[in-house]
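Chains as they are written, first to last, in this note's numbering: chain A, 14 to 361; chain B, 54 to 139.
Source of the hints: derived by calculation from the structure; they are not laboratory data.
All values derive from a computational prediction rather than experimental measurement.
Every residue, glycine too, gets a C-beta built ideally from N, C-alpha and C.
Some hints could be false.
Stated by the list, open to error - Listed next, the in silico DMTMM-like pairs over lysine to aspartate or glutamate satisfying Cα-Cα at most 20 Å (straight line): (1) 286(A) <-> 123(B); (2) 201(A) <-> 185(A); (3) 55(B) <-> 101(B); (4) 249(A) <-> 220(A); (5) 18(A) <-> 95(A); (6) 284(A) <-> 75(B); (7) 260(A) <-> 220(A); (8) 241(A) <-> 75(B); (9) 94(B) <-> 75(B); (10) 273(A) <-> 137(A); (11) 205(A) <-> 185(A); (12) 336(A) <-> 101(B); (13) 260(A) <-> 132(B); (14) 98(A) <-> 360(A); (15) 241(A) <-> 193(A); (16) 286(A) <-> 75(B); (17) 260(A) <-> 281(A); (18) 121(A) <-> 97(A); (19) 260(A) <-> 148(A); (20) 286(A) <-> 132(B); (21) 273(A) <-> 148(A); (22) 58(B) <-> 331(A); (23) 15(A) <-> 44(A); (24) 249(A) <-> 185(A); (25) 58(B) <-> 85(B); (26) 267(A) <-> 137(A); (27) 58(B) <-> 259(A); (28) 72(A) <-> 279(A); (29) 156(A) <-> 281(A); (30) 241(A) <-> 279(A); (31) 249(A) <-> 75(B); (32) 55(B) <-> 110(B); (33) 260(A) <-> 75(B); (34) 330(A) <-> 259(A); (35) 336(A) <-> 75(B); (36) 97(B) <-> 85(B).
As the list claims (entries may be wrong) - If you anchor each label on the Cβ, the simulated ranges turn out as follows: (37) 188(A) <-> 55(B): 34 to 42 Å; (38) 124(B) <-> 71(A): 34 to 42 Å; (39) 91(B) <-> 287(A): 25 to 33 Å; (40) 77(B) <-> 310(A): 19 to 27 Å.
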Amino acid sequence: MKKRKLNIAVTGLNAIDSPGPGISVIRGLREADSFDVRIIGLSYESLEPGIYMHNVVDKTYQIPYPSAGTDTLLARLEYIHEIEKLDVIIPNFDAELFPFIKLEHKLKAMGIQMFLPTARQFEERQKVNLNTFGEKYGIHVPKCKILFDLSAVHSLSSEFVFPVVVKGKFYDASIAYNTDQVRSYYNKISAKWGLPIIIQEFIHGTEFNVTGLGDGKGNTMAAVAMRKQYITDKGKAWGGISIADEKILGMTRKFLKNTKWRGGFELELMKNKDNELYLLEINPRLPAWIYLAVGVGQNIPEALVNLALGNKVVPYKDYMVGKMFIRYAWDMIVDREEFEQISVTGEL
Amino acid sequence: MKISKNVAVSDAGLVFNPVTGESFSANPIGIEIINLIREGKSHKTIIDSILAKYITESSTVEKDLHDFTDVLRHFNLLEDHEEKKA
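Please put together the full structure from these sequences, using the hints given.
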């Protein structure tokens, strides 16, 4: 039987040292059993490698940064939709999710489906709200304090045991061993990502990650746990292995059941020496290592698209354990004309 | 004592713990001991088995086995701590 061909737009084509998830998501979509795809890349910068990977991305359009506002984004998406007849959009950056959530109804009216967390879910899991989130849903999280100005730094010594983790609202995290270092990281991170800055209790232990998919009704549609084996200086996994830790998967199911999470996600977890699990962060989108989930038997990008289209999806129950992913860098040779075209016309 | 559930041991001497994702390498005697534990052999049977195969002292095997099982326990590869003490 001939499979339906879907036009799916994907962001996060920056397959760099701190990679966006786009390319891995597309690999999953291209291996889907239930549909064929034409992939429309949505890029922000002219040097995002995915733009030039023509065997992965069929056509790319630049889109405006979230700071340009939702009207500008909507106008650009209307233009792209007119040409490409999009069926589904999969946004893959934290910072762009809120504008896409805001546009969900308008895009749906145009015939474009997405499967995103609700605005409430998106807000609740923000780093600044993590303590409240942990209390509300009965999930163990590290103690956090939100800083809006430097004057509050001096009181940290009485509230926390050093070291502490200094985190930006969206990205970046550094470990500070004293208040002087907190001030330094505060300035550095806030200059890049703005305020507030989050001070988080440092949990000694081993880091684990889970990616998965919630159907918005409390059901676990997919979940794969991974331990990072090779970490870059930016803290990103360059290699990892699938694991079967029932405690981690149990926490994941609890998270989905209690929050009724809708869409893809990644949980960042820390297990201390007493075997206690802490939830450090909830990323409201699929991670860059999502292809490991596909490789071990859970094609989460495919399931996400089917949920977006309202198709019946059978939840994944298990996966292969002990499978590794090892990332690599690959130099492409690109004609200058291609760079010029995407830079000047915003399309390639 | 018993090897933790689902721990995989390869012929090449790699021990993989699927719960933590950690891998370890063990030498041939280490693998032999792990396999004997897996077969449910008692502490004494393991020592007798090693003594029957290698030229060494009973006290040395006993000490080495004690050290080795401590390492396995430390890395969560061994369960049933109580039984071992008994």
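Hint check results:
1. 286(A) <-> 123(B): Judged against 20 Å, a Cα distance of about 17 Å means the pair holds.
2. 201(A) <-> 185(A): Given that 20 Å is the threshold and the Cα spacing comes to 10 Å, the pair holds.
3. 55(B) <-> 101(B): Given pair residue 55(B), residue 101(B) holds - Cα atoms ~18 Å apart, limit 20 Å.
4. 249(A) <-> 220(A): Answer holds: residue 249(A) to residue 220(A) is near 12 Å, not above 20 Å.
5. 18(A) <-> 95(A): 17 Å, holds
6. 284(A) <-> 75(B): 14 Å, holds
7. 260(A) <-> 220(A): 14 Å, holds
8. 241(A) <-> 75(B): Status holds; Cα separation ~10 Å.
9. 94(B) <-> 75(B): Violated, because 25 Å separates the two Cα atoms, which is more than 20 Å.
10. 273(A) <-> 137(A): 12 Å, holds
11. 205(A) <-> 185(A): 9 Å, holds
12. 336(A) <-> 101(B): 37 Å, violated
13. 260(A) <-> 132(B): 17 Å, holds
14. 98(A) <-> 360(A): Between residue 98(A) and residue 360(A) the Cα gap is close to 16 Å, so the pair holds against 20 Å.
15. 241(A) <-> 193(A): 30 Å, violated
16. 286(A) <-> 75(B): 15 Å, holds
17. 260(A) <-> 281(A): The hint holds at about 14 Å.
18. 121(A) <-> 97(A): 15 Å, holds
19. 260(A) <-> 148(A): Holds, at roughly 19 Å.
20. 286(A) <-> 132(B): 17 Å, holds
21. 273(A) <-> 148(A): Roughly 16 Å separates the two Cα atoms, so the pair holds.
22. 58(B) <-> 331(A): Holds, at roughly 17 Å.
23. 15(A) <-> 44(A): 15 Å, holds
24. 249(A) <-> 185(A): The hint holds at about 11 Å.
25. 58(B) <-> 85(B): 18 Å, holds
26. 267(A) <-> 137(A): 16 Å, holds
27. 58(B) <-> 259(A): 12 Å, holds
28. 72(A) <-> 279(A): Measuring from Cα to Cα gives roughly 28 Å; hence the hint is violated.
29. 156(A) <-> 281(A): 15 Å, holds
30. 241(A) <-> 279(A): 13 Å, holds
31. 249(A) <-> 75(B): Holds. Residue 249(A) to residue 75(B) sits at ~18 Å (cutoff 20 Å).
32. 55(B) <-> 110(B): 25 Å, violated
33. 260(A) <-> 75(B): 16 Å, holds
34. 330(A) <-> 259(A): 13 Å, holds
35. 336(A) <-> 75(B): 12 Å, holds
36. 97(B) <-> 85(B): 15 Å, holds
37. 188(A) <-> 55(B): 34 to 42 Å: Given range 34 to 42 Å: holds, Cβ gap about 39 Å.
38. 124(B) <-> 71(A): 34 to 42 Å: With Cβ atoms ~53 Å apart, the hint is violated.
39. 91(B) <-> 287(A): 25 to 33 Å: Given a distance of about 28 Å, which is inside 25 to 33 Å, the answer is holds.
40. 77(B) <-> 310(A): 19 to 27 Å: Once the Cβ atoms are compared, 26 Å apart, the range 19 to 27 Å for residue 310(A) and residue 77(B) holds.
Comparing the model with each earlier hint shows violations of hints 9, 12, 15, 28, 32, 38; every other hint is respected.
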